[in-house]
Amino acid sequence: DAGVTQSPTHLIKTRGQHVTLRCSPISGHKSVSWYQQVLGQGPQFIFQYYEKEERGRGNFPDRFSARQFPNYSSELNVNALLLGDSALYLCASSPRQGVRYGYTFGSGTRLTVV
Amino acid sequence: RKEVEQDPGPFNVPEGATVAFNCTYSNSASQSFFWYRQDCRKEPKLLMSVYSSGNEDGRFTAQLNRASQYISLLIRDSKLSDSATYLCVVSSGSARQLTFGSGTQLTVLP
Numbered sequence: 001d002a003g004v005t006q007s008p009t010h011l012i013k014t015r016g017q018h019v020t021l022r023c024s025p026i027s028g029h030k031s032v033s034w035y036q037q038v039l040g041q042g043p044q045f046i047f048q049y050y051e052k053e054e055r056g057r058g059n060f061p062d063r064f065s066a067r068q069f070p071n072y073s074s075e076l077n078v079n080a081l082l083l084g085d086s087a088l089y090l091c092a093s094s095p096r097q098g099v100r101y102g103y104t105f106g107s108g109t110r111l112t113v114v
Numbered sequence: 115r116k117e118v119e120q121d122p123g124p125f126n127v128p129e130g131a132t133v134a135f136n137c138t139y140s141n142s143a144s145q146s147f148f149w150y151r152q153d154c155r156k157e158p159k160l161l162m163s164v165y166s167s168g169n170e171d172g173r174f175t176a177q178l179n180r181a182s183q184y185i186s187l188l189i190r191d192s193k194l195s196d197s198a199t200y201l202c203v204v205s206s207g208s209a210r211q212l213t214f215g216s217g218t219q220l221t222v223l224p
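Keeping their order, the protein sequence lines are chains U and H.
Numbering-wise (my numbering), the first sequence opens with residue 1 and increments by one.
Numbering-wise (my numbering), the second sequence opens with residue 115 and increments by one.
Hints were generated in silico from the structure; no laboratory data involved.
Idealized CB from N, CA, C, for every residue including glycine.
Check each hint, because a few of them may be wrong.
To be verified - Computed from the model, here is a short list of chain U residues facing chain H with C-beta under 8 Å:
| id | residue |
| --- | --- |
| 1 | G58 |
| 2 | N59 |
| 3 | F60 |
| 4 | P61 |
| 5 | G102 |
| 6 | F105 |
| 7 | G106 |
| 8 | S107 |
From just these sequences and the hints, can you work out the full model?
As structure tokens, this is what we get:
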């Protein structure tokens, strides 16, 4: 079975541009969460989606948005990119919201803003 | 104050050593607790869940003290392959989102 897949794996963008990151959860998983990890820190929660609805949002500006599709895949969008948005963006999936036993992460998209 | 605080590290230990990591969390309403392992430039991977009764998985033992809001991880008989960053993680909120500590880097030396 495929794990959590993310695309692209690496991306270089210029300040002010827009970026879309994609995530496909493990088959049968209905919950997708997005995390941002900057160098030297632990991942930070951005969004959680379950059954195509936003169920949680972290402390990120409105430049960050996301959605979940009927097949449970998800997109993370970031507008007006800043240098500080350079990070590893991780997608995590779980069978349902509020899973007790942890989440499975994809290998991430490494975004560099220049 | 950070929601999840860990020993800053780094920890450099010889093979076969026992090493302990500690972690405290500030949200008393936190619901679930985990240790994740992250190799350099890779994604975090679940190492183990942590329960109040304590739990053991081979060479790894995790403990949770809800009263003190304290979590620990003990690694016995360290292997070279244990070298990684260990992340203390708590789950809270209606979305059960994960809050990560900054991680503690472990290097096991031959």
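Unmet hints by their number, sorted upward, for this structure:
2, 3, 4
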